[in-house]
Structures are given as C-alpha cells and as structure tokens.
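> The lines below spell out each chain.
Protein chains: 2
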Amino acid sequence: MKKKSLLEDGPTKKIFETDDPDLQIVEFKDAEAIYDDEHINAVKGKADVNSQLSSQLLEYLQGFHVPTYFVRTEPKHSMVVRTLDIIPIQLMMRNCAAGTLCKRFGLNEGKVLDIPILEYYLKNNTDEYQLINSSHAVSFSLATADELRTIDRLASKINAVLKSFFERRDIKLVDFKLEFGRHKGKLMVGGEISLDTFRLWDISDEGYFDKKKFSLAGDRAEPGFEEIKNRLFSTD
Amino acid sequence: MKKKSLLEDGPTKKIFETDDPDLQIVEFKDAEAIYDDEHINAVKGKADVNSQLSSQLLEYLQGFHVPTYFVRTEPKHSMVVRTLDIIPIQLMMRNCAAGTLCKRFGLNEGKVLDIPILEYYLKNNTDEYQLINSSHAVSFSLATADELRTIDRLASKINAVLKSFFERRDIKLVDFKLEFGRHKGKLMVGGEISLDTFRLWDISDEGYFDKKKFSLAGDRAEPGFEEIKNRLFSTD
Chain A
1172 MKKKSLLEDG PTKKIFETDD PDLQIVEFKD AEAIYDDEHI NAVKGKADVN
1222 SQLSSQLLEY LQGFHVPTYF VRTEPKHSMV VRTLDIIPIQ LMMRNCAAGT
1272 LCKRFGLNEG KVLDIPILEY YLKNNTDEYQ LINSSHAVSF SLATADELRT
1322 IDRLASKINA VLKSFFERRD IKLVDFKLEF GRHKGKLMVG GEISLDTFRL
1372 WDISDEGYFD KKKFSLAGDR AEPGFEEIKN RLFSTD
Chain B
1172 MKKKSLLEDG PTKKIFETDD PDLQIVEFKD AEAIYDDEHI NAVKGKADVN
1222 SQLSSQLLEY LQGFHVPTYF VRTEPKHSMV VRTLDIIPIQ LMMRNCAAGT
1272 LCKRFGLNEG KVLDIPILEY YLKNNTDEYQ LINSSHAVSF SLATADELRT
1322 IDRLASKINA VLKSFFERRD IKLVDFKLEF GRHKGKLMVG GEISLDTFRL
1372 WDISDEGYFD KKKFSLAGDR AEPGFEEIKN RLFSTD
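In order, the protein sequences belong to chains A and B.
Quick note: the first sequence uses the working numbering, first residue 1172, plus one each step.
Quick note: the second sequence uses the working numbering, first residue 1172, plus one each step.
Here chain A stands alone, though its shape is the one from the complex (with noise of 0.2 Å):
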C-alpha cells in the first residue's frame, strides 16, 4: 500500500489517499485543538499520545465489537484506516456536567448525571456547531432515522466501554465526541479518540480535581505527559 496525495489538512490530523481506494491514512498532529469551547494547546509529543491512544482504542472497541475505520498503526504517528463517507455530526456524550452544558443549563461542574446526555452538533465550516436533534439530521437527510437509531446504540455502548477502561486507571470519562461515517453502506466509528476528544479528570481529586491536567488544556499539560501515558498505558 502506497502513501499518495493529501486529501485533507485538518486542525488536529492529516489524512492522506493510499493506492488502495478503500484504504487512507491518518496522520496526527501536534496542533491545537479546540473540545467543547476549550482550547488544547499545541504541545511537542501530543501526536505521538493521540496517536497511540486513537489506535489502541479504536481497537479496542473493536474487541468489543463496534465496528471502527481502524486497521493497523504506521509509523509516524499514524494509522491506517477504512476509506469513510462521514456523517456531518459531531457526537457529545457527557456523563457529568462540564463546559457548554454547565454554560447553557447553569448546572455545577462536576455533577454527575443521572443518565448521560448525548448530543448531536452539524459540523459546518464555522468554529461553532450547532445543536440539532435526530429529526434536524433526518429532514437535512445527514442521516436515516436507522442510522441514527444504530448510532445512538453504538454511542452508549462505547461510552459504557471507555468508562469501564478509565475507571479502571482511576480516571473519570467526563465527556467525549465521536464522528461516524459508512464504508461500503456499513456504519463505523471515524475520526480519532484521543486526549483531542475528551475530557478526563482524576478520580481522587472529587471536588477539587485539576480538570486540565489530562485534558492537555492547560499549563501542567506537557509535564503530565508521561504520567498520562503510564497511566493509559501501562496495565489493561
């Protein structure tokens, strides 16, 4: 399999044609990324991270079966993938309150809710989303309402499986986004799954927990690199 021209030079990774037209490649960067109105500077090693963590866990949900684009890691923080037509929406799903949400209810950062909200964003060319609900994506035919009805089950059954792997390294899975797109008709996860797209805190800090420190959102990101990458890494 050839590496061939860019198709698309996004703010956080590059995806490159292969030879193969089911095939591309995915190259990750270490940009700034902007989750949930929060800004996630560029940091020196940040692809290196994502890339291994979209991999592993890309896989992992594989194990799991949730089809995912994911094939195989390359080098240069990369990995191939299934050639997606993607769904123009950006999933949310929040189990406890934090940015936007805590904005636009007024609700505490930090509280946990009942039941996870998930929420569908129109992924347009500005830098705000839209909020919009199954009936907008069918009626702007983004989606069929099966579609949506398999990628509402899908979402919550990752959410369950990503939570299940943090708590186990004493880490709290806030929220998270997720894209979806279809190759050859079948839906599957895209996009990447990394520090880029969740928001992480630490367990033991309840209450006063540093919400920044594996978000890489602040200040003590680059020095929480390693532990990030022990504590994701190291047992499992």
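For the record, the hints were derived by calculation from the structure and aren't laboratory data.
Everything hinted at is true.
The list cannot tell twin chains apart, which means a pair is met if one copy fits it or any two copies do.
Computed list of lysine to any residue pairs in SDA-like fashion (alpha-carbon distance at most 20 Å, straight line):
#, residue 1, residue 2
1, Lys1294, Thr1271
2, Lys1274, Asn1296
3, Lys1274, Gln1301
4, Lys1294, Phe1276
5, Lys1274, Tyr1292
6, Lys1328, Ala1316
7, Lys1400, Phe1337
8, Lys1274, Tyr1300
9, Lys1274, Tyr1206
Following the hints, position chain B against chain A.
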C-alpha cells in the same frame, strides 16, 4: 363550578383555580406575545380570536383521539380545562423553514422541509429558551423516555390534522408550538393553539406572501382580524 383565585398571570393568558381541584379556567389576554423570536403585538380583540381558536382546535383534536386538557368554553374569552402537571418543554413543529431555523442553519425562508422538524426547548424563566434533545429531557427528569415517545407521536399526528385543517382554508401551517402535561398521570395537550402559537402563511402568496398577515405580528394585523375569523371559522 366556581372560579377562585388567580394561579398564574402569564404573558398571554391567566390561569384560575376553581372549587374542583381537577379543573381550572384559562382566560386569554389581548397582550403581546413572543413567537420564535418574533414579537406579536398586543391587539384589541386578539383574546377573542385566540380563545375561539384554541377552544375549537383543542376540541377538534379530541375528535382525532388526541387527548387535550380542554373541557368547555366559558364566557370572557375563557375555557375550562383539566388541571395539568405541565412538562416544562416547549415543542416546536416545523413544516417550512422560517424564523430561528433560518438564522441557525442559513436556510431560505419558506423552504419546505422534506421531513418535518420537531424541536424541544427547555422552558426556563428567561426570554431565551434553550434547544434540548430527548436525552437532556430524560437526564434532567423533565419526562420519561416513554412519555417523550408518546409526545413525539402525538405531535406528529397533531401536525397532520392541523396542516390539513388549514390547507382546506388555503393557509399553510409553517410551524407551531405545543406543550404537554399530565392529568392523573395521563399525557395531554395543554397551553393554547392560537394565533400566538403558530406561523401561518396564505397559500396563494407563494414566494412573496405576507408572512405577518395571519400571525398578527405586523402592522397589518388588526385590519386582517375579520378575515382571519372568516377564513378559520366559516367552513369545515
């Protein structure tokens, strides 16, 4: 049944308790209203049209086996209704793009939606209700998932019934608000179905309709009153 003390003095109607705890009296006002970001002026005679319209349409819906809180009309622009435990969600059903939907998604006003859009807004004590989805509603304990399924089904049926009612009068039902409540545990339509809670356009004015004409939102509202009453109540 005796009318007793004022329970609520809302923007467009007053609610009174009665000596029967299961029944209340709703009295319409000639007051200003806000509909999907549009101001609808206070107009003398509006309470008269709105009480007629609400009473007749709520009763009309019951004929299609849609449960509503309407019991009977009363003098002084009033109706007797069943006491409700109100679900604090304002529903918005949209058949064509207009108002805030156009603003949010850059749609052309008047675009017919292939599939109607049903939105939930959280009724809080501010002027700006927040768009939510069913998982917010369940997580915030506003309603159960089962109740929301029933509400969605009823909203879709109400849309079909009202659309057809207005089409027979050469009026296009662009969008409308709905609210639901529980009476002895049973879900039913509450609130009002009036000129303050829908956007109607003359069907013949395709393209350059006077969108304010039937919504009472513009300067031409008052002169159009008799026409509205004639169009709505003279046939069927």
